[in-house]
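Turn these sequences into a full structure, and let the hints steer you where they fit.
First residue of the sequence shown? That's 1 in the UniProt record's numbering, and the numbers climb one at a time after it.
Calculated from the structure, these hints are not laboratory results.
Among these hints, one or two may not hold up.
Label-pair ranges, simulated between beta-carbon atoms [to be verified]:
#, residue 1, residue 2, range
1, 235, 207, 31 to 39 angstroms
2, 207, 249, 20 to 28 angstroms
3, 239, 132, 16 to 24 angstroms
Since the structure is predicted, the reported quantities are computational estimates derived from the model, not experimental observations.
Ideal Cβ positions, reconstructed from N, Cα and C, are used throughout, including at glycine.
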Amino acid sequence: MPEPRHEDPASSPKPTQERPQQKQKQQHQPSNPLLRWTPVTLPPPVFLVPLLLLLAAAFYLLLPSSSPLQVQHRLESPQHLPSVQVSYTPPSLTPPEPVAMASTEQTFIAIKPDGVQRGLIGPIITRFESRGFKLVAIKLTTPGKDHLEAHYADLKGKPFFNGLIEYMNSGPICAMIWEGRDAVKTGRTILGATNPLASAPGTIRGDYAIDVGRNVCHGSDSVENAKKEIALWFKDGEAVNWKSAQFDWVYEKA
Numbered sequence: 001m002p003e004p005r006h007e008d009p010a011s012s013p014k015p016t017q018e019r020p021q022q023k024q025k026q027q028h029q030p031s032n033p034l035l036r037w038t039p040v041t042l043p044p045p046v047f048l049v050p051l052l053l054l055l056a057a058a059f060y061l062l063l064p065s066s067s068p069l070q071v072q073h074r075l076e077s078p079q080h081l082p083s084v085q086v087s088y089t090p091p092s093l094t095p096p097e098p099v100a101m102a103s104t105e106q107t108f109i110a111i112k113p114d115g116v117q118r119g120l121i122g123p124i125i126t127r128f129e130s131r132g133f134k135l136v137a138i139k140l141t142t143p144g145k146d147h148l149e150a151h152y153a154d155l156k157g158k159p160f161f162n163g164l165i166e167y168m169n170s171g172p173i174c175a176m177i178w179e180g181r182d183a184v185k186t187g188r189t190i191l192g193a194t195n196p197l198a199s200a201p202g203t204i205r206g207d208y209a210i211d212v213g214r215n216v217c218h219g220s221d222s223v224e225n226a227k228k229e230i231a232l233w234f235k236d237g238e239a240v241n242w243k244s245a246q247f248d249w250v251y252e253k254a
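As structure tokens, then:
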């Protein structure tokens with residue numbers, strides 16, 4: 001009677017335990033073969049060698065016709081390096097020199113007969129007072145032909161001289177002396193150009209005159225002529241020496 005076989009359970013196969021693992025592996029594998037990752041071995045970058053050789057040849061051809069030693073000498077020579085000059089000026093410790101102030105002057109201003117007849121004495125005086133000048137002498141006078149010819153002696157011989165004397169002798173003239181810093185030059189600016197049509201708006205002639213033969217007023221053109229005209233139109237002692245109460249509000253420094 002044959003003996004029964006006793007098999008070792010450790011050596012016997014376990015089909016029931018391996019099949020689920022095979023099923024799990026099959027489930028994780030994608031069904032599409034295109035989605036599988038396959039290792040790819042890239043060839044060495046041999047194709048870059050000819051490109052680098054072409055670039056080196058082009059760079060060599062574009063260089064100036066000189067040997068490599070000369071190129072190296074030029075690069076190392078300090079003569080061919082750009083020179084940068086930096087200048088530094090230390091701040092000055094001395095205070096700046098004060099700006100020279102214009103001197104106080106007197107100028108002769110006359111309102112001609114047309115300005116007097118038109119009632120412009122007040123507006124013209126207001127222009128000078130509003131600017132800050134001080135009136136030291138004023139009078140209404142009819143000086144006469146000889147006096148006027150002496151005043152316009154530099155224009156004698158001009159074709160308009162006789163007409164000018166007749167016009168100036170046709171009525172009273174308001175003669176004035178104005179005093180202030182740079183009074184001669186600034187006074188001419190306030191009057192405007194001799195031709196009213198060329199005078200800027202805001203000047204006396206630019207606002208109150210049109211014709212050059214009726215340009216309302218006269219003003220000294222230089223300090224020397226102002227002294228001569230003041231001496232001609234005013235006697236000694238007629239100009240009043242006084243200090244305006246608004247002096248310190250017009251000038252910063254005396």
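Against the structure, the hints come out as follows:
1. 235 - 207: 31 to 39 angstroms: For residue 207 against residue 235, whose Cβ atoms are near 33 angstroms apart, the range 31 to 39 angstroms holds.
2. 207 - 249: 20 to 28 angstroms: Roughly 26 angstroms apart at Cβ, these two residues keep to the hinted range, so it holds.
3. 239 - 132: 16 to 24 angstroms: Given about 18 angstroms between the Cβ atoms, the range holds.
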